[in-house]
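Residues per chain are reported as follows:
There are 2 protein chains.
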Amino acid sequence: MIININLNKRIDDSYNIYIGNLDRLTFDMKVAIVTNKTIAALHLEKLRSLIVAPEIGEAIIEDGEQHKNLATIGAILDRLCDLRLDRKSLLIAFGGGVIGDMTGFCAAIYQRGVSFIQIPTTLLAMVDASAGGKTGVNNDYGKNLIGAFNQPKSVHIDTKWLTSLPRREFNSGAAEIVKMAATLDREFFERLESANLSDERELIAAIAQSIHLKADIVMRDEKESGARAALNYGHTFGHAIEKESGYGAYLHGECVAMGMIMANRLAEALELIREKEAQRIERALERFGLSARYKTPNPEAFYDLLFLDKKTRDNKITFALPRSIGGYSLVSDIPKELVISAIAKGGE
Amino acid sequence: MIININLNKRIDDSYNIYIGNLDRLTFDMKVAIVTNKTIAALHLEKLRSLIVAPEIGEAIIEDGEQHKNLATIGAILDRLCDLRLDRKSLLIAFGGGVIGDMTGFCAAIYQRGVSFIQIPTTLLAMVDASAGGKTGVNNDYGKNLIGAFNQPKSVHIDTKWLTSLPRREFNSGAAEIVKMAATLDREFFERLESANLSDERELIAAIAQSIHLKADIVMRDEKESGARAALNYGHTFGHAIEKESGYGAYLHGECVAMGMIMANRLAEALELIREKEAQRIERALERFGLSARYKTPNPEAFYDLLFLDKKTRDNKITFALPRSIGGYSLVSDIPKELVISAIAKGGE
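Going down the list, the sequences are from chains A and B.
Here the first sequence is numbered in the numbering used here, starting from 1 and rising by one per residue.
Here the second sequence is numbered in the numbering used here, starting from 1 and rising by one per residue.
Since the hints were made in silico from the structure, they are not lab data.
Fair warning: there could be bad hints in the mix.
Treat identical chains as interchangeable: a pair holds within one or across any two.
Straight line, CA to CA, 25 Å or less: simulated SDA-like cross-link-like pairs of lysine to any residue [what the hints assert, rightly or not]:
id : residue 1 : residue 2
1  : Lys243    : Gly74
2  : Lys30     : Phe149
3  : Lys88     : Gly133
4  : Lys153    : Gly133
5  : Lys316    : Arg87
6  : Lys46     : Gly64
7  : Lys30     : Asn144
8  : Lys153    : Leu22
9  : Lys88     : Val331
10 : Lys153    : Gly113
11 : Lys295    : Ser341
12 : Lys37     : Leu165
13 : Lys88     : Ala227
Bound-form chain A, shown alone:
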């Protein structure tokens, strides 16, 4: 299956997402595989056997979101210099979202720009990072505050890499699938309520549908001025949860799921969604083990963290909230008390 992503109707930005068995990749330039130690131990030999290129180098970094920073970017760039990659060379992001974000960022700034492709190895990266073009790293002030918009030349999705993925990581990816279905596609949501994602065919169908939904949004709005904000459902709260709990305590998708629950409480207060429908969303999350609530020690301080998100403009937050199931609303200027109440209720 091939999904074509064509941003701004410019041909040179167009790229394909291939879904299916990856059996050979042939390049006529030097390539460097960027991956982490965990993935390298499990799958690097296999990937190398599938690649045909004049030279294949590797940049292998530590595993984990805590390494997603400018220092690691510097280390990867040094390694690319070591490998004597030039402007025509190609980077291959082989890993989860952290590897994808960092490789895409390195590709944006190595010698002012080289090409890259993505071979995601986690469910989250397959459904989420694949069709976005957002790349970057964290700093002490928050997530992804440093980065660039940069589109890959192609994305290659193959579920064979998922066989070694821990259950918790798999579920973290499922959170994004539920998120997109709940705000963008009621029919898909209803299928998900009874889907068995251990079945390869059902899994591939769910990944493909999520990519279609996200691609549709991204193509309409590459630079996030409007519709793309819909994808932030659960994320505005989720980023604050990640920040307050310290990166690494929860997985990204777990934070998003807990953030969706806070967003649901807010949507209920604003009468955008009935309690019963909100509960359906939460039951869909529970099917993937995502039943945890996040209880902040201090809702006021948590509220302030929301303003550190880079989507905050002029100290104003726009929340992406579910409107019934299958729809969304973007709401600004919500009174502080309502938000704080949702933060508290979302933790109960």
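Since chain A is already given, all that's left is putting chain B on it; use the hints.
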């Protein structure tokens, strides 16, 4: 005087270079001035008095090319977070080329992109960095190996900032003026042979003509696939000189001037220029105190350094050489012995 730079005929990339007395800048967004300690001590108070904006913050870094690295970028970005700059904020690069390159790079990657303007305070930055869109930093492997193409919203050139510029720095900027005249504009070169750049009117005319020449090249070739390579006269050798001598031993323009002399020897060997005309170029450099030669301890090792330049593709170097005075040739596949001989002769 206003020079409009319009890349790729796209309106949203268009920006103006203003040359003349800067007496007021008014913005309706938060701004942050990025500068170094030297410039801050001399001129920051003056600049602040000229700016009208809702909030004016500052990021002040150490002075010198040795600080042009990813660690300093991280420190500037932290400071921008401290100042709570958002995506609508504006950075002001206030300083020489190092400040311009780093501020433009920070603007490219802070929250995936904010706007910036340039207020250059050195002659080099005025004639060279202003109309390029190249931004970035060095690493242990070479100059500007990390970076992005990023155009400022506007550039404001005022020679009042030059009053405090050390003579050596001024002359370093003059090297770029001579470089452009020698390869692009014979009439301008002949005017320069007798010009008095201590005279403000003559200086402004020379800056403006250099910007016109560079802008013309850059507009034809933003991403350096062809004509822009003409600007590399003296730079391929110059970068190797900077690398071998250790950043900071010589100023950039001094390295370019010494690199131009090596390039002249190569151009003579290839019969692109007669000895007499090459000497005219060298006398024009001498008028700005640029008479030094660079003698490498090891021409073979120096030759290898040329291949670390990021313009090297597939281990191939294209040299920009003067063709008589006022013209240039781009030459590849020059036998190694010829290049090594030019490296040695250029040091005599």
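Open item on the list: Output the indices of the hints that this structure fails to meet, ascending.
Closed with: Result: no hint breaks.
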